[in-house]
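Taking the hints into account, I'd like the entire structure generated from these sequences.
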Amino acid sequence: MNKELRTLEDYLKAIYRLEEVLGHAKTSDIAKELGVTAATVSKTLRKLESNGYVIWLPYEGVRLSDRGRKIAVDIVKKHRIAESFLYHYLGFDLVKAHEYAHMLEHMPSEFFERLWLFMKKPSVCPHGNLIPGLPKYNENEIKEIENDKPLANFDKDAKVKITRILCSFQYDLMKTLINANISRGTIVTIEKKDSLGIVVKSPNNISVKLPYYQANLIRGLEITST
1 MNKELRTLED YLKAIYRLEE VLGHAKTSDI AKELGVTAAT VSKTLRKLES NGYVIWLPYE
61 GVRLSDRGRK IAVDIVKKHR IAESFLYHYL GFDLVKAHEY AHMLEHMPSE FFERLWLFMK
121 KPSVCPHGNL IPGLPKYNEN EIKEIENDKP LANFDKDAKV KITRILCSFQ YDLMKTLINA
181 NISRGTIVTI EKKDSLGIVV KSPNNISVKL PYYQANLIRG LEITST
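With the UniProt record's numbering applied, the sequence shown has no gaps in its numbers, which climb one by one up to 226 at the end.
No lab work stands behind these hints, which were simulated from the structure alone.
Predicted, not measured: the structure shown is a model, and the values here were computed from it.
The beta carbon of each residue, even a glycine, is placed where N, CA and C say it ideally should be.
Please note that the accuracy of each hint is not assured.
To be verified - The calculated EDC-like cross-link candidates involving lysine to aspartate or glutamate, where the alpha carbons are at most 20 Å apart (straight line), are:
#, residue 1, residue 2
1, 143, 222
2, 43, 60
3, 159, 191
4, 161, 144
5, 121, 144
6, 161, 141
7, 159, 222
8, 70, 19
9, 32, 172
10, 209, 155
11, 121, 105
12, 201, 191
13, 3, 105
14, 43, 9
15, 161, 146
16, 70, 4
17, 70, 9
18, 201, 155
As the list claims (entries may be wrong) - Label pairs and their calculated CB-CB ranges:
#, residue 1, residue 2, range
19, 46, 181, 39 to 45 Å
20, 196, 38, 18 to 24 Å
21, 196, 42, 23 to 29 Å
Set out below in structure tokens:
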């Protein structure tokens, strides 16, 4: 794959994933996701806009056009199907499954269609994120994520069950969470909140500091005592 096409796909994926969290993608957030400068992002976005892949939103950032979304959905769908296979069937950890899925996502669509059927039609990836573009969804699998919200929105001392982690290109965040034994289904406690971010306590009593940007990539449901 040539560099220009890879750049296009990486930008469209990053924008898609940020839209999942925020509804749009800011230049600064895209820069964080891809590890490039804001100036580089602005230059590339102008090119993507001129080619009809994104739409500028005044004072907000960009969102995908129909043309850009079609490509992004196809890539993210392939990535999350591959990730599910690598994690659930081949036993790779979440970080390696994510990395290797990034390499596999350029295989033909037929490969992923058969893989999805082989895995008995999963609706979400190992991180709890919806696999887009599927012909049907399992209501039981997606029920939890319908009403979840970012960790940043919970009050101090709340106990939260993690429903999905929209890590995208945030490999360091993924590694931090895995080291603290935090993944989909884990119950964490919001230990502290201040102007810089939040601190969550994992089941094995490890405190993890998360700036608000990262806390918005992790979603959950509050566990209330009965």
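20 Å Cα cutoff - pair residue 161, residue 146: 14 Å, holds
Taking the CB of residue 196 and the CB of residue 38, does the distance hold inside 18 to 24 Å? 21 Å, holds
Pair hint residue 159 and residue 222, alpha-carbon separation not exceeding 20 Å: 6 Å, holds
Holds or violated: residue 161 to residue 141, with C-alpha atoms at most 20 Å apart: Holds. Residue 161 to residue 141 sits at ~15 Å (cutoff 20 Å).
Between residue 3 and residue 105, is the straight-line Cα distance small enough, at 20 Å or below? 15 Å, holds
Mind checking the alpha carbons of residue 43 and residue 60 for me, to see if they're no more than 20 Å apart? 17 Å, holds
Just to be careful, I want the Cα atoms of residue 143 and residue 222 compared with a cutoff of 20 Å; is the pair within it? 15 Å, holds
Check the following: the C-beta atoms of residue 46 and residue 181 are separated by a distance inside 39 to 45 Å. At roughly 43 Å between Cβ atoms, residue 181 and residue 46 fall inside 39 to 45 Å, so the hint holds.
Under the criterion that the straight-line Cα-Cα distance not exceed 20 Å, is the pair residue 70, residue 4 satisfied? Holds: residue 70 and residue 4 sit about 18 Å apart, inside 20 Å.
Hinted pair residue 159 and residue 191, Cα distance within 20 Å: Holds. Residue 159 to residue 191 sits at ~9 Å (cutoff 20 Å).
Hint check: residue 121 vs residue 144, CA-CA at most 20 Å. Holds or violated? 18 Å, holds
Is the gap between the beta carbons of residue 196 and residue 42 within 23 to 29 Å? The hinted range 23 to 29 Å holds for residue 196 and residue 42, with Cβ atoms some 26 Å apart.
In summary, this structure violates none of the numbered hints.
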